[in-house]
Amino acid sequence: MEISSKENARFFSNNTILPVDRSSFKSESSASREKQSCCGGIKIFLGALSFVYFAKALSGSYLKSTITQIERRFDIPSSLVGVIDGSFEIGNLLIIILVSYFGAKLHRPRIIGAGCLIMSAGTFLIAMPQFFMGRYRYERFPSTINSTVNISPCLQDRSQTPLTSLEKTQAKINAGCEKEAGSSMWIYVLLGNLLRGIGETPIQPLGITYIDDYAIEENAALYIGCVQTVAIIGPIFGFLLGSLCAKLYVDIGFVDLDSITITPKDVQWVGAWWLGYLIAGAISVLAGIPFWFLPKHLPKPESRKDSSTSSEQSKFIIEDNKDQHKPYQQQTKIAEMAKGKSLEFLSSLFLFGNPVYILYLCASIIQFNSLIGMVTYKPKYIEQQYGQTSSKTNFVIGLINIPAVAFGIFSGGLVMKKFRIGVVGAAKLSLGSSFFGYLLLLSLFAMGCENSEVAGLTVSYHGTKQMTDYEQTVFSECNAGCSCSKNDWDPICGENGVTYISACLAGCQASNGSGKNAVFFNCSCVGTSESSQSSSAVVGACQKGNECPKMFLYFLVISVITSYTLSVGGTPGYILLLRCIKPHLKSFALGIYTLAIRVLAGIPAPVYFGVAIDTTCLKWGSKRCGGRGACRLYDSSALRYVYLGLTLMLGTVSIFFSVAVLWVLRKRSSPPDETLSANGERGTCGKKNRKDNFVNSDCLIQSTYWPEKETRL
Numbered sequence: 001m002e003i004s005s006k007e008n009a010r011f012f013s014n015n016t017i018l019p020v021d022r023s024s025f026k027s028e029s030s031a032s033r034e035k036q037s038c039c040g041g042i043k044i045f046l047g048a049l050s051f052v053y054f055a056k057a058l059s060g061s062y063l064k065s066t067i068t069q070i071e072r073r074f075d076i077p078s079s080l081v082g083v084i085d086g087s088f089e090i091g092n093l094l095i096i097i098l099v100s101y102f103g104a105k106l107h108r109p110r111i112i113g114a115g116c117l118i119m120s121a122g123t124f125l126i127a128m129p130q131f132f133m134g135r136y137r138y139e140r141f142p143s144t145i146n147s148t149v150n151i152s153p154c155l156q157d158r159s160q161t162p163l164t165s166l167e168k169t170q171a172k173i174n175a176g177c178e179k180e181a182g183s184s185m186w187i188y189v190l191l192g193n194l195l196r197g198i199g200e201t202p203i204q205p206l207g208i209t210y211i212d213d214y215a216i217e218e219n220a221a222l223y224i225g226c227v228q229t230v231a232i233i234g235p236i237f238g239f240l241l242g243s244l245c246a247k248l249y250v251d252i253g254f255v256d257l258d259s260i261t262i263t264p265k266d267v268q269w270v271g272a273w274w275l276g277y278l279i280a281g282a283i284s285v286l287a288g289i290p291f292w293f294l295p296k297h298l299p300k301p302e303s304r305k306d307s308s309t310s311s312e313q314s315k316f317i318i319e320d321n322k323d324q325h326k327p328y329q330q331q332t333k334i335a336e337m338a339k340g341k342s343l344e345f346l347s348s349l350f351l352f353g354n355p356v357y358i359l360y361l362c363a364s365i366i367q368f369n370s371l372i373g374m375v376t377y378k379p380k381y382i383e384q385q386y387g388q389t390s391s392k393t394n395f396v397i398g399l400i401n402i403p404a405v406a407f408g409i410f411s412g413g414l415v416m417k418k419f420r421i422g423v424v425g426a427a428k429l430s431l432g433s434s435f436f437g438y439l440l441l442l443s444l445f446a447m448g449c450e451n452s453e454v455a456g457l458t459v460s461y462h463g464t465k466q467m468t469d470y471e472q473t474v475f476s477e478c479n480a481g482c483s484c485s486k487n488d489w490d491p492i493c494g495e496n497g498v499t500y501i502s503a504c505l506a507g508c509q510a511s512n513g514s515g516k517n518a519v520f521f522n523c524s525c526v527g528t529s530e531s532s533q534s535s536s537a538v539v540g541a542c543q544k545g546n547e548c549p550k551m552f553l554y555f556l557v558i559s560v561i562t563s564y565t566l567s568v569g570g571t572p573g574y575i576l577l578l579r580c581i582k583p584h585l586k587s588f589a590l591g592i593y594t595l596a597i598r599v600l601a602g603i604p605a606p607v608y609f610g611v612a613i614d615t616t617c618l619k620w621g622s623k624r625c626g627g628r629g630a631c632r633l634y635d636s637s638a639l640r641y642v643y644l645g646l647t648l649m650l651g652t653v654s655i656f657f658s659v660a661v662l663w664v665l666r667k668r669s670s671p672p673d674e675t676l677s678a679n680g681e682r683g684t685c686g687k688k689n690r691k692d693n694f695v696n697s698d699c700l701i702q703s704t705y706w707p708e709k710e711t712r713l
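Heads up, the sequence shown is in UniProt numbering, so the first residue is 1 and it goes up one at a time.
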């Protein structure tokens with residue numbers, strides 16, 4: 001009995017372990033539920049952030065697609081359009097420091113949601129001038145407007161025009177002048193783009209850090225890569241939306257479209273540019289809604305609870321709580337530590353003594369000047385050089401060029417991972433990408449179209465090449481008896497294949513029909529070389545030469561290859577930037593890099609590119625109340641040399657800096673088992689550690705994005 005009682009006691013003592021096992025099972029089940037809730041929350045945030053990236057990339061690329069539309073609608077030069085384009089970067093810089101510092105202490109999802117609302121408000125503001133500045137007025141002779149009065153284009157005698165019609169026309173012009181005298185509606189476009197830049201500011205820094213804080217460590221890079229992939233899709237839809245809206249007339253829904261006498265091929269055509277901004281603004285509002293319902297914190301994954309790298313926000317909270325319970329002596333120690341931190345900050349300024357960082361920074365600034373200027377005015381270049389419509393231009397850029405850029409970025413990252421390329425190899429790959437990309441760009445000089453034959457501008461009225469001073473040759477003997485204005489731009493195409501600035505300057509004495517079907521007869525200046533007899537002309541400018549469509553096809557092929565080649569070096573170059581600096585200076589170096597790119601490239605490049613392009617204008621439009629409007633005709637050859645030449649010159653200078661970066665790195669080159677530190681010292685690391693660092697380091701996590709990549713296409 002004693003033995004049996006002892007066995008029973010031993011049995012029950014063993015069974016006392018069961019409750020502990022059940023509690024452990026409960027803890028495991030709760031941990032699994034916590035993991036599921038964590039994964040669910042971060043995936044919801046990931047989906048919302050991806051949609052926001054798509055929205056901001058769409059609105060940014062749509063602005064690029066409407067550059068020429070805005071220029072014509074507001075009658076402003078390209079240089080002023082460049083100021084409008086650069087205002088986005090100015091808005092971003094106004095609050096980037098405040099958002100980056102205080103954003104980690106506040107409710108990050110709601111700050112992103114507020115940013116989306118501000119971004120949408122700015123997008124709506126850009127479209128508002130359309131509803132307040134009246135209908136769009138283009139230059140057209142009265143006989144080409146649907147009217148019962150048949151007026152002779154060549155007004156040899158003012159009495160030919162009914163007095164009442166002249167008085168009514170002059171009264172309308174005077175009323176328009178009174179309305180336009182105190183208005184500069186393009187300022188609202190500038191302010192709207194400025195608001196877009198302010199609203200976009202918190203999306204990238206707060207969104208990426210939120211994912212990095214609450215995602216499982218091995219999934220963080222994948223999640224960030226997904227966000228950036230969606231961001232690349234945004235510009236495709238942005239340019240396609242721009243293509244669709246450019247087909248529609250600017251005042252669609254407000255005027256009778258049958259009364260419109262110009263076509264999308266006319267340089268005065270303005271599409272429904274405002275419609276796309278309303279769509280983009282609505283998408284931004286929808287993208288910001290989910291962030292108002294997301295929590296301030298998500299449960300941290302089990303694998304990261306004991307990690308030495310806690311989130312930036314939790315560090316702020318821990319430090320604030322500690323400050324409330326520290327005695328006076330510890331507070332004095334904190335003051336001493338603050339002094340040490342300030343000294344540490346001053347010592348971080350020695351980052352500018354790192355030759356690799358400084359040289360790469362200079363190379364990036366100059367290269368981004370080249371790329372930003374090229375991308376901003378690429379639609380204008382295609383329209384003016386190859387005679388394409390805005391709709392077709394945006395369609396080609398969105399469907400061909402941007403996928404090539406995305407594939408190039410992906411290829412660069414794949415090559416880096418496949419061959420485990422180090423710092424020197426990344427510098428070589430980045431340099432090779434830039435060199436061959438700009439070399440391909442050099443071939444575009446031979447793929448241009450000749451100037452359109454415009455009497456008095458590019459050729460004389462006798463068909464010979466035009467002299468330099470074109471203003472004195474607009475008038476000729478054939479139109480000397482006509483009362484014409486040299487400021488008008490209402491082109492007609494003569495049967496001899498020459499474009500004339502207006503029917504009056506072509507010496508046309510009669511017209512038949514109205515609107516787009518108007519035909520002019522007895523045009524004294526439209527005489528063929530075989531016969532001196534007068535000829536006829538039709539509304540609209542003549543098409544460019546027969547070789548121009550073929551040149552445009554060649555341009556597209558080279559442009560796609562160039563876009564891909566230049567994009568291959570994006571990821572290697574960014575990894576080079578991250579690996580040439582000390583780990584504790586990484587954030588500071590990236591901040592300086594982003595700031596320099598925005599201030600020294602994003603803001604000035606569109607402005608001075610626009611100023612250079614304005615110098616190639618042959619015929620400026622005139623505003624209703626006087627003054628110079630938008631350019632109507634560019635010198636094709638001069639535009640090609642200025643646009644491509646400025647891009648290549650900046651690219652060549654950036655290549656020299658990249659060569660200097662490679663030279664410094666090779667000078668400090670290390671054996672395969674050594675890594676290069678920021679100050680040039682060599683440290684040894686094993687192959688396993690190198691492999692782990694390559695897969696899990698912050699360098700790879702952040703290498704998939706660089707400043708405003710989705711709009712620098």
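No lab work stands behind these hints: they were computed from the structure. Here the structure is a predicted model, which means the values were calculated and not measured. Hints are not guaranteed to be accurate.
[Stated by the list, open to error] No more than 30 Å apart at the CA atoms, straight line, and that leaves these computed lysine-lysine pairs for BS3-like:
id, residue 1, residue 2
1, LYS516, LYS544
2, LYS582, LYS667
3, LYS105, LYS265
4, LYS550, LYS486
5, LYS265, LYS486
Structure-based check of all given hints:
1. Only pairs whose Cα atoms come within 30 Å are accepted, and LYS516 paired with LYS544 is accepted, the gap being roughly 19 Å.
2. Simply put, LYS582 and LYS667 have alpha-carbon atoms about 19 Å apart, close enough for the 30 Å limit, and the pair holds.
3. Taking the CA atoms of LYS105 and LYS265, the gap is about 54 Å. The hint is violated against a cut of 30 Å.
4. In summary, the hint linking LYS550 to LYS486 is not supported, as the alpha carbons are separated by about 34 Å, beyond the 30 Å threshold.
5. The hinted pair formed by LYS265 and LYS486 meets the criterion: a straight-line CA distance of about 22 Å does not exceed 30 Å.
Checked against the numbered hints given earlier, this structure breaks hints 3, 4; the rest are met.
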